[in-house]
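**Q** Listed here are the chains, written in short residue letters.
There are 2 protein chains.
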Amino acid sequence: MNARSKVYAQGSRPDIQVPFTQVELSGGEAPIRLYDTSGPGSDPEVGLPKLREAWIAERAGAAASTIVHEGAELECPTQLHYAKQGIVTPEMEFVAVREGLEAEFVRAEIAAGRAILPANVNHPETEPMIIGKNFLTKINANIGTSAVSDSVAAEVEKLTWATKWGADTVMDLSTGKHIHETREHIMRNSPVPIGTVPLYQALEKVNGDPVKLNWEVYRDTIIEQAEQGVDYMTVHAGVLLRYVPLAARRVTGIVSRGGSIMAAWCLAHHEENFLYTHYRELCEIFAKYDIAFSLGDGLRPGSIADANDDAQFAELRTLGELTHIAWEYDVQVMCEGPGHVPMHKIKENVDLQQELCGEAPFYTLGPLTTDVAPAYDHITSAIGAAMIGWFGTAMLCYVTPKEHLGLPNREDVKEGVIAYKIAAHAADLAKGHPKAQEWDDALSKARFEFRWQDQFNLALDPDRAREYHDETLPAEPAKTAHFCSMCGPKFCSMKISSSIKEQFGPDSEVTSADEVTAGMLAKSAEFAAQGNRLYLPMVD
Amino acid sequence: MNARSKVYAQGSRPDIQVPFTQVELSGGEAPIRLYDTSGPGSDPEVGLPKLREAWIAERAGAAASTIVHEGAELECPTQLHYAKQGIVTPEMEFVAVREGLEAEFVRAEIAAGRAILPANVNHPETEPMIIGKNFLTKINANIGTSAVSDSVAAEVEKLTWATKWGADTVMDLSTGKHIHETREHIMRNSPVPIGTVPLYQALEKVNGDPVKLNWEVYRDTIIEQAEQGVDYMTVHAGVLLRYVPLAARRVTGIVSRGGSIMAAWCLAHHEENFLYTHYRELCEIFAKYDIAFSLGDGLRPGSIADANDDAQFAELRTLGELTHIAWEYDVQVMCEGPGHVPMHKIKENVDLQQELCGEAPFYTLGPLTTDVAPAYDHITSAIGAAMIGWFGTAMLCYVTPKEHLGLPNREDVKEGVIAYKIAAHAADLAKGHPKAQEWDDALSKARFEFRWQDQFNLALDPDRAREYHDETLPAEPAKTAHFCSMCGPKFCSMKISSSIKEQFGPDSEVTSADEVTAGMLAKSAEFAAQGNRLYLPMVD
Numbered sequence: 000m001n002a003r004s005k006v007y008a009q010g011s012r013p014d015i016q017v018p019f020t021q022v023e024l025s026g027g028e029a030p031i032r033l034y035d036t037s038g039p040g041s042d043p044e045v046g047l048p049k050l051r052e053a054w055i056a057e058r059a060g061a062a063a064s065t066i067v068h069e070g071a072e073l074e075c076p077t078q079l080h081y082a083k084q085g086i087v088t089p090e091m092e093f094v095a096v097r098e099g100l101e102a103e104f105v106r107a108e109i110a111a112g113r114a115i116l117p118a119n120v121n122h123p124e125t126e127p128m129i130i131g132k133n134f135l136t137k138i139n140a141n142i143g144t145s146a147v148s149d150s151v152a153a154e155v156e157k158l159t160w161a162t163k164w165g166a167d168t169v170m171d172l173s174t175g176k177h178i179h180e181t182r183e184h185i186m187r188n189s190p191v192p193i194g195t196v197p198l199y200q201a202l203e204k205v206n207g208d209p210v211k212l213n214w215e216v217y218r219d220t221i222i223e224q225a226e227q228g229v230d231y232m233t234v235h236a237g238v239l240l241r242y243v244p245l246a247a248r249r250v251t252g253i254v255s256r257g258g259s260i261m262a263a264w265c266l267a268h269h270e271e272n273f274l275y276t277h278y279r280e281l282c283e284i285f286a287k288y289d290i291a292f293s294l295g296d297g298l299r300p301g302s303i304a305d306a307n308d309d310a311q312f313a314e315l316r317t318l319g320e321l322t323h324i325a326w327e328y329d330v331q332v333m334c335e336g337p338g339h340v341p342m343h344k345i346k347e348n349v350d351l352q353q354e355l356c357g358e359a360p361f362y363t364l365g366p367l368t369t370d371v372a373p374a375y376d377h378i379t380s381a382i383g384a385a386m387i388g389w390f391g392t393a394m395l396c397y398v399t400p401k402e403h404l405g406l407p408n409r410e411d412v413k414e415g416v417i418a419y420k421i422a423a424h425a426a427d428l429a430k431g432h433p434k435a436q437e438w439d440d441a442l443s444k445a446r447f448e449f450r451w452q453d454q455f456n457l458a459l460d461p462d463r464a465r466e467y468h469d470e471t472l473p474a475e476p477a478k479t480a481h482f483c484s485m486c487g488p489k490f491c492s493m494k495i496s497s498s499i500k501e502q503f504g505p506d507s508e509v510t511s512a513d514e515v516t517a518g519m520l521a522k523s524a525e526f527a528a529q530g531n532r533l534y535l536p537m538v539d
Numbered sequence: 000m001n002a003r004s005k006v007y008a009q010g011s012r013p014d015i016q017v018p019f020t021q022v023e024l025s026g027g028e029a030p031i032r033l034y035d036t037s038g039p040g041s042d043p044e045v046g047l048p049k050l051r052e053a054w055i056a057e058r059a060g061a062a063a064s065t066i067v068h069e070g071a072e073l074e075c076p077t078q079l080h081y082a083k084q085g086i087v088t089p090e091m092e093f094v095a096v097r098e099g100l101e102a103e104f105v106r107a108e109i110a111a112g113r114a115i116l117p118a119n120v121n122h123p124e125t126e127p128m129i130i131g132k133n134f135l136t137k138i139n140a141n142i143g144t145s146a147v148s149d150s151v152a153a154e155v156e157k158l159t160w161a162t163k164w165g166a167d168t169v170m171d172l173s174t175g176k177h178i179h180e181t182r183e184h185i186m187r188n189s190p191v192p193i194g195t196v197p198l199y200q201a202l203e204k205v206n207g208d209p210v211k212l213n214w215e216v217y218r219d220t221i222i223e224q225a226e227q228g229v230d231y232m233t234v235h236a237g238v239l240l241r242y243v244p245l246a247a248r249r250v251t252g253i254v255s256r257g258g259s260i261m262a263a264w265c266l267a268h269h270e271e272n273f274l275y276t277h278y279r280e281l282c283e284i285f286a287k288y289d290i291a292f293s294l295g296d297g298l299r300p301g302s303i304a305d306a307n308d309d310a311q312f313a314e315l316r317t318l319g320e321l322t323h324i325a326w327e328y329d330v331q332v333m334c335e336g337p338g339h340v341p342m343h344k345i346k347e348n349v350d351l352q353q354e355l356c357g358e359a360p361f362y363t364l365g366p367l368t369t370d371v372a373p374a375y376d377h378i379t380s381a382i383g384a385a386m387i388g389w390f391g392t393a394m395l396c397y398v399t400p401k402e403h404l405g406l407p408n409r410e411d412v413k414e415g416v417i418a419y420k421i422a423a424h425a426a427d428l429a430k431g432h433p434k435a436q437e438w439d440d441a442l443s444k445a446r447f448e449f450r451w452q453d454q455f456n457l458a459l460d461p462d463r464a465r466e467y468h469d470e471t472l473p474a475e476p477a478k479t480a481h482f483c484s485m486c487g488p489k490f491c492s493m494k495i496s497s498s499i500k501e502q503f504g505p506d507s508e509v510t511s512a513d514e515v516t517a518g519m520l521a522k523s524a525e526f527a528a529q530g531n532r533l534y535l536p537m538v539d
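Chain order of the listed sequences is R and Y.
Note that numbering that gives the first Met the number 0 has the first sequence beginning at 0, numbered continuously upward.
Note that numbering that gives the first Met the number 0 has the second sequence beginning at 0, numbered continuously upward.
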């Protein structure tokens, strides 16, 4: 029997089925349930079942799905709009069950703009998830074809691989040919929300020349992607003409691709960013499909030297302004953040974003805490990601070992996802999330009791944990042995320690130093009586 | 010509030759010098040259090398003793050149007990290094044979491999057979200080039964290792009889091998820890050889659940007492720390240790910030290590991917060392160490200017950085290409951004938003004049 299995918890109606990975334990404990992003699985050609289809249909055309803005009635089937009206959608209830919280709490956090539930009405395949500082910290994995590496099947497989290891959302950053086709396959096979940077495809439509970009081309691209079901879109509307020179004097200038494209357009036309001047039109389109804004930080620092500078914070102030405009239209919004930041400058980023953006969710890339380790930036950035998550960042965009060097392959995607699941969980522990430590405690208890199979099954990566153990001690008996290869059978600290625990275990009445000393004297008699044989098991 | 080479800086006398890795840069900058721990290299059978032999001989028998304690004159050739007398030893000057600081500052930090310079008089092969919070953060790598894996040659090779990648000290934790012989080969081939846990060998001498341990066996083991040249020794003198029951009620009890052995001894004899009762005799022996104490944290937490508990902090208070006793004998001392600690409980560990131990250097194992990722504990712990380093920990003991699962092989040792060099350097950046950021800035500048070879040569791991780049773009021209595989030639943000930099570069006079707008208008004329051709290079 497989000790790790997928189980579903049912909500208030039969079609609310919330997935978990259930781990059976051999120590007499109840099974433990872990958050599961892997989805139901599917044949890539067929696509996933449309979990949300009925929920979306029930709401279609209802009065509750429209909003009046400056006299005009607009379609507005957004989770934020429903939440503000006090409506708990099936999506909100799904999230509540998934996070182990009250549905009303989920609704209130969304209504306040402190959390978003990305769910395009044209992406019914998504299993609802939530992004907000008062929920489990989420992670995003980037995939996508490029001019020099281009295979639709490979990207769909990366998507499935990323969600298997725990990616909560995936961004399709495809450039080059087949962008539309690649995205279609990704949408239909994704159990998690999909994000994009529409500017990349718009640029393809004008043959890669930023100068030729214009609002019409961009708007058509947005609508094309909205129809396919993209759940959130990165929009670089904060890169204003007057900010560009501030970035030009940096060590690494502008490192955001979208940011550099818009900066190039602004300079070429010496006009204000058209994404900024047409922002309210964008809001109307996003409201109609329930697309969430991911306000891009086009001027994020690209090096330790440029962290927290004028260009970065000037743009952040504009993102704050744009956040409040999106809320006028009941459009969900989160803000993107750096990038490259040394540890002592990380907290300021979260505090300022939360203040300027009315506590809208923060979504950061890393940050990398040093620039000296290309090929290990999943580690340089996991350090910053764990800290910024603890400080209140809601979602962490992964960085793979290939960052700054090349395109991530299958193994790089896994390394990046695992490093970020570690950062996110470390943040949840530090934030004191109610359910976070239960997982650590279960694994620690299994470790102390030498229940190797339980340790492997509870591990973030059971395969590798088992593989590493077997390298030194392959024999099956070693899986139940009361020692490991680190100390060997004779000197195992856990073994000695558990013997001690038998003497002074949880049931011990001993509470003060005096009582302890008294207790010791009593115990000594027992030792003598059994000829100090307490430690004989060690040399078995 | 090799862009990375070993160079030596000479001190005030010809035999003070301080090693650096020098990296030549192609951007017109001066070469950059990086801290180098790799040593001069040697034939394992011959051993390394005795760099410090003359310095030690010069001091032998001098009045400055004795101390009078409670009426008795004791041999005391310790760096702390010389520092207190205002003497700057060649070792201190070597360290000053190595860290880019004044020799007098080095002496003062050692005299204050805030830093240690581990240098057993019988280990003349060491290249002097210093451990203290006001210096570069150091890292330690553990190696050693065990009952189930036993090869002298393999351990010497791990030593050389660890120092090649940046280990500042190495601990030989050998158990099983050939402990003495293994250590002898390690000592004679080590350019870095070697630490041990003498209790492991003492236990071998009583056939692995903790109950049979006694002071005489332990003392003889200490002297045997002192004669071989061990530079610092972990002594578990803080595990007091009355603390044991406090640990017995934990989720993971006692996870320190030395701690569990002494706890077993205390319980079996219901007597106080003999390392505590004979501590002053230990101080006299350590003084004679200039061995530094690494006061062991035998009761460190072994899980998130047990972090910062009564048992841990009770022992820490005793370590504070022992630190001040060691200083009576002018013996150098540092204190060991956890272990497993969630992020929000890390700072308390450093603050309390610094307060109780009079700012003696703190030396921590990680800490791991979560228990759920066996096989990735180099990452779970690099997060905690970077933070605790920033907060003032002087040396970080590495954790490899095999932690909790098996014995690290060659590749695991490298993964652990690199993860910890990242953590240590991130800490130096956050502490604002004067020379730390120069390395990041050099690499960032090379990155922005597409000087790929410079990026590889400046990388913590040049081999892997080059390998990862070549996986996607192997062609030699790509090494100088003004793009990378991430965006491809057309959409490279760095490329666009550097074009912008040409327009508004460091020489730009523009300082205010108004001037910028004015500046933009002026620039627009130039754009028009050249037919908006600024971005044509992009599509080359």
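Rather than coming from a laboratory, the hints here were simulated on the basis of the structure.
Treat the hints with care, since some could be wrong.
[As the list claims (entries may be wrong)] In silico lysine-lysine, PhoX-like type, Cα no more than 20 Å apart, as pairs: (1) Lys346/Y <-> Lys83/Y; (2) Lys211/R <-> Lys5/R; (3) Lys344/R <-> Lys434/Y; (4) Lys5/Y <-> Lys344/R; (5) Lys434/R <-> Lys49/Y; (6) Lys346/R <-> Lys344/Y; (7) Lys346/Y <-> Lys346/R; (8) Lys346/Y <-> Lys344/R; (9) Lys176/R <-> Lys211/R; (10) Lys163/R <-> Lys204/R; (11) Lys163/Y <-> Lys5/Y; (12) Lys430/R <-> Lys346/Y; (13) Lys430/Y <-> Lys346/Y; (14) Lys5/Y <-> Lys430/R; (15) Lys287/Y <-> Lys344/Y; (16) Lys176/R <-> Lys204/R; (17) Lys430/R <-> Lys346/R; (18) Lys434/Y <-> Lys5/Y; (19) Lys5/R <-> Lys434/R; (20) Lys83/R <-> Lys344/R; (21) Lys430/Y <-> Lys346/R; (22) Lys5/Y <-> Lys49/Y; (23) Lys176/Y <-> Lys204/Y.
**Q** A separate judgement is required for each hint: does it hold in the structure or not?
**A** Here's how the hints hold up against the structure:
A C-alpha spacing of about 30 Å is found between Lys346/Y and Lys83/Y, which places the hinted pair above 20 Å, so the restraint is violated. Distance restraint check for Lys211/R and Lys5/R: the Cα-Cα separation of roughly 50 Å exceeds the 20 Å cut-off, and the hinted pair is therefore not satisfied. For a cut-off of 20 Å, the pair hint linking Lys344/R to Lys434/Y stands: about 18 Å separates their Cα positions. At roughly 34 Å between alpha-carbon atoms, Lys5/Y and Lys344/R are farther apart than 20 Å, so this suggested pair is violated.
The straight-line distance between the Cα atoms of Lys434/R and Lys49/Y is roughly 57 Å, outside the 20 Å bound, and the hint therefore fails. With a C-alpha separation of about 17 Å, the suggested pairing of Lys346/R with Lys344/Y holds against the 20 Å cut-off. Straight-line distance between C-alpha atoms of Lys346/Y and Lys346/R comes to about 15 Å, which keeps the hinted pair within the 20 Å bound. A threshold of 20 Å between alpha carbons decides the hint, and for Lys346/Y with Lys344/R the separation of about 17 Å falls inside it, so the pair holds.
Our distance criterion of 20 Å between C-alpha atoms is met by Lys176/R and Lys211/R, whose separation comes to about 19 Å. With a CA separation close to 34 Å, the supplied pair Lys163/R and Lys204/R exceeds the 20 Å bound. Pair hint Lys163/Y plus Lys5/Y holds up; C-alpha atoms about 12 Å apart against a cutoff of 20 Å. Using a Cα cut-off of 20 Å, the hinted pair Lys430/R and Lys346/Y holds, with the two alpha carbons roughly 15 Å apart.
Taking the CA atoms of Lys430/Y and Lys346/Y, the gap is near 14 Å; set against the 20 Å cutoff, the hint holds. At roughly 46 Å between alpha-carbon atoms, Lys5/Y and Lys430/R are farther apart than 20 Å, so this suggested pair is violated. Pair hint Lys287/Y plus Lys344/Y does not hold up; C-alpha atoms about 39 Å apart against a cutoff of 20 Å. Distance hint between Lys176/R and Lys204/R is fulfilled; the C-alpha atoms sit about 11 Å from each other, no more than 20 Å.
For the hint linking Lys430/R to Lys346/R, the alpha-carbon distance of about 14 Å falls within 20 Å, and the restraint holds. Simply put, Lys434/Y and Lys5/Y have alpha-carbon atoms about 19 Å apart, close enough for the 20 Å limit, and the pair holds. Restraint check for Lys5/R and Lys434/R: satisfied, since their Cα atoms lie roughly 19 Å apart, inside the 20 Å limit. For the given pair, Lys83/R sits about 35 Å from Lys344/R by alpha-carbon distance, which is inconsistent with the 20 Å threshold.
The hinted pair formed by Lys430/Y and Lys346/R meets the criterion: a straight-line CA distance of about 15 Å does not exceed 20 Å. For a cut-off of 20 Å, the pair hint linking Lys5/Y to Lys49/Y stands: about 19 Å separates their Cα positions. Using a Cα cut-off of 20 Å, the hinted pair Lys176/Y and Lys204/Y holds, with the two alpha carbons roughly 11 Å apart.
The structure does not agree with the numbered hints 1, 2, 4, 5, 10, 14, 15, 20 stated previously, though it agrees with the rest.
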